[in-house]
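Residue numbers (our numbering), protein chains in the order written: chain A, 1 to 354; chain B, 1001 to 1221.
Note that these hints are calculated values from the structure, not bench results. Every residue, glycine too, gets a C-beta built ideally from N, C-alpha and C. Some clues are possibly wrong.
Here chain B is said to cover these stretches of chain A; the calculated rule only asks that three of the stretch's residues, wherever they fall, bring their Cβ under 8 Å from a Cβ of chain B [as the list claims (entries may be wrong)]:
#1 154-160
#2 328-340
Cβ pair distances, simulated, as ranges [stated by the list, open to error]:
#3 B:Arg1210 - A:Gly192: 19 to 25 Å
#4 A:Gln179 - B:Lys1207: 41 to 47 Å
#5 B:Arg1051 - A:Glu251: 42 to 48 Å
#6 B:Asp1143 - A:Glu251: 26 to 32 Å
#7 B:Val1024 - A:Asp247: 36 to 42 Å
#8 A:Glu271 - B:Glu1021: 51 to 57 Å
#9 A:Glu214 - B:Asp1078: 26 to 32 Å
#10 B:Asp1214 - A:Asp112: 36 to 42 Å
#11 B:Asp1036 - A:Ala221: 51 to 57 Å
#12 A:Gln179 - B:Ala1200: 36 to 42 Å
#13 B:Arg1081 - A:Asp112: 46 to 52 Å
#14 B:Pro1131 - A:Arg83: 17 to 23 Å
If you want the building blocks of each chain, they are given just below.
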Amino acid sequence: MLDKMSPLGRLDAYGKGENIDRLPCVPIVGNTAARVIGVKVSELRNNGPSLAEAQVEAYRLFGYDTIRIFTDLYVQAEAMGARVVKPSDETAYLDAPAITDASQIERLRPADPAHDGCLPAHLAATRIAVREAGSEVPVTTALTCPFTNASFLIGTENLVRLMYKDPAAVHKLCELSLQTSVAFAEAIMEAGATPSLTDPMSSSTVISPAKFREFSLPYLARLITHLHAAGKKVTLHICGKTDRIWDSMVEAGADCISIDNQIDLGRACVEVGDRVRLMGNVAPSEVMLQGTPDDVRSAVRTCVGKAWRSPKGYIVASGCSLPTETPFTNIHAMMDAVREIGFPVTEEKLREES
Amino acid sequence: MADEASLFQDISDAVVAMDEERVVDLVRAVIEKKIDVYEAIEKGLSHGMERAGQLFEEEEYFVPELLICSDAMYAGLDLLRPYLKRSDEGSKHKVVIGVIEGDTHDIGKNLVKIMLETAGFELHDLGRDVPAPRFVEKAREVDADIIAISTLMTTTMDGMAEVIRLLREANIRDRLKVIVGGGPVSQGFADRIGANGYAANAGAAVKLARRLLDGETVHAG
C-alpha cells in the first residue's frame, strides 16, 4: 500500500488539525537498518555514509515518518572517555565508564562533536540523510540526555549512590554531560536535523520521581531550551515506568513524549495529552520482535483505540528502539495497520475485522 | 529481651533509613553485649532489607535507595561475619545467577542477588555477559538448586532458552529450577521457554525462589 502524503506533509497537516491520509507512524528502527542494506551492525557506528545509507534505505523500504540516526546510547560518553565494546554484528555496549570515582571528575572534559569518538561520523550521516531525504521526511539524530550520559561516565551504581552521598558530584557530571549534549545538539541542528532526546536512566524503573526532579529535570529543561531557541520541536523518550514523571517531562519542555509499553497509554492521554503529543506504546519485544504480523496489527489497533482522540495527537510507534532482529514483515505490518485504519480514525474502523 | 528486641528494631530501622553509620554502631553494640548474632541478622539486618524490598515493590524506594540500604546491611553483616559458625553456611539453598551473554546491564541482577542473599540463599554470581554453557557448568559444580538469569535487552533473550536446552541435554533439567527476569521478559516468555518461573522485580524473585523450593527436599549430591 502506498502513501499519498510525504511524512513532512503529513506531520505538518496533522499538527494543524488538517486532513491527512493516515496517522503518523514510527517503528523506531535502530540497528535493524543494518539488515536493510546487508551490512554488519558494527559497520554503521563509525561510518557516516553507511549509517546514512542504512537509515535512509530503511525509511524508503518501510515508509515511516521520521529518520533517526542512531547506533547506541554510548556515543557521547565514549567521546568523553568511556570504553565501549563493539561486537561485530550486535549493538555496541558499555564496557567501562570514563571514571570510577568522584575524585576523577576533574579529568573529564565536554566532548567536541567535530573530533571526539564517533560523533563526527554520526554528524556526517546526519548531513547525508538530510541531503538525501530531508525534503520529504524529518531527519533526527539520537541524543543521549545528561543524566543518562552521566551514568555512563561513572557507572550507574556509582552514580545512584552519589545521589545520596555526594549530590554535588552528580550535578558536576550532569553539567559536563549537558555541555556535551548542547554542543552535539548544536552540531546536529547545523547539519539540518533535529536532536531526538533519549533518557532511559531517568525512568522511574531506576530512580524515584523526586530524584528525577532533582538530578535530571534541570538539565533536560536547559537542553530543551536550547532546542526551542533554534525553533525545534522536541521529542523526549524515556523507557520503563514513567507515569509519575509525565508532568515533569512536560515541564522540561518536551513537545512530544515517547513512552514505552509498561505504562497505560489511555491514562497518559487523560493526564498529559492536552499538553503534549504522545508516541509509542507498541511493545518492541513481545509484539514487534516475537509476535506475528496479526499480533502487530492488533497491538496497533489497541494503541490507536486508546490514543487517537488525544488532544495534541498520537504517533503510532514502538515503545523503544526495535531489537535488531525484528522481522521486516512485522515492521511492514505496523505500517499497513496504520494505513488500513486511515484517517480520520473512527470507532467503526477500529472495530472492523479483515 | 525487651532491650534486644528494641535493638533489633533499631538495626532494621537504620537499614531502611539508609543510615550505614548507625547500622555499624548498633551492630557493634550487638557484639559488645554478646547478643545472638543470628538473631541480630534475622530480626535486624535482614528484616530491614526485607522492608526496603517491600518499599521497592511499592515504588516508594527505587534502585538508589535499595542499593544504599544494602550497603548499610552489608556493612553490618561484615562486622558480624567473624562471629558466624562456618558449618551453618552449608545448609543454604544455592543459586547461580548471571546476566545472559550479550547484555552488560547488571543492576537488576545485582538487586536480585542482594535480596536473595538477604533471604538466606547462597549466591554464585557469574556477573554479566555470561555464555549459556557457563550457567550449566557452574550449576553442576556447586550443585545449585536454582539458576537465575536476567537480561534487560530484547536481543539476548534467546540465550535464556539456550540455558534450558543445555540443561535438558545434560539430563539435569529436573534437578533444579530456572527463574528469569528483566525488562523485556514476561511470564509468557518464561512459560514459552520452559522456565520454572518469572519475577518482575527483586522482591518478587525472593518470593518466587521460596515458593519453588517450598516443601521440596533438596536433592542429594
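Hints and how they fare:
With 3 residues having a Cβ less than 8 Å from any Cβ of chain B, the stretch 154-160 of chain A passes the three-residue criterion, so the hint holds. With 0 residues carrying a beta carbon less than 8 Å from a beta carbon of chain B, the stretch 328-340 of chain A misses the three-residue requirement, and the given coverage is violated. Taking 19 to 25 Å as the suggested C-beta distance range, the pair arginine 1210 of chain B and glycine 192 of chain A does not conform, at roughly 57 Å. Hint check: glutamine 179 of chain A to lysine 1207 of chain B, Cβ distance near 45 Å, so the stated range 41 to 47 Å holds.
For arginine 1051 of chain B and glutamate 251 of chain A, the hinted distance range of 42 to 48 Å is not satisfied, since their beta carbons lie about 32 Å from each other. With their beta carbons about 54 Å apart, aspartate 1143 of chain B and glutamate 251 of chain A fall outside the hinted range of 26 to 32 Å. For valine 1024 of chain B and aspartate 247 of chain A, the Cβ-Cβ distance of about 39 Å falls inside the hinted range of 36 to 42 Å, so the restraint holds. A beta carbon spacing of about 41 Å between glutamate 271 of chain A and glutamate 1021 of chain B contradicts the range 51 to 57 Å that was offered as a hint.
Hint check: glutamate 214 of chain A to aspartate 1078 of chain B, Cβ distance near 30 Å, so the stated range 26 to 32 Å holds. For the hinted restraint 36 to 42 Å between aspartate 1214 of chain B and aspartate 112 of chain A, the CB-CB distance of approximately 58 Å leaves it violated. One distance hint, 51 to 57 Å for the beta-carbon pair aspartate 1036 of chain B and alanine 221 of chain A, holds here, with the actual separation near 53 Å. Checked against the hint of 36 to 42 Å, the pair glutamine 179 of chain A and alanine 1200 of chain B passes, with Cβ atoms roughly 38 Å apart.
Remark: the range hint 46 to 52 Å for arginine 1081 of chain B to aspartate 112 of chain A is upheld by a beta-carbon distance near 49 Å. For the pair proline 1131 of chain B and arginine 83 of chain A, the beta carbons lie near 21 Å from each other, so the given range of 17 to 23 Å is met.
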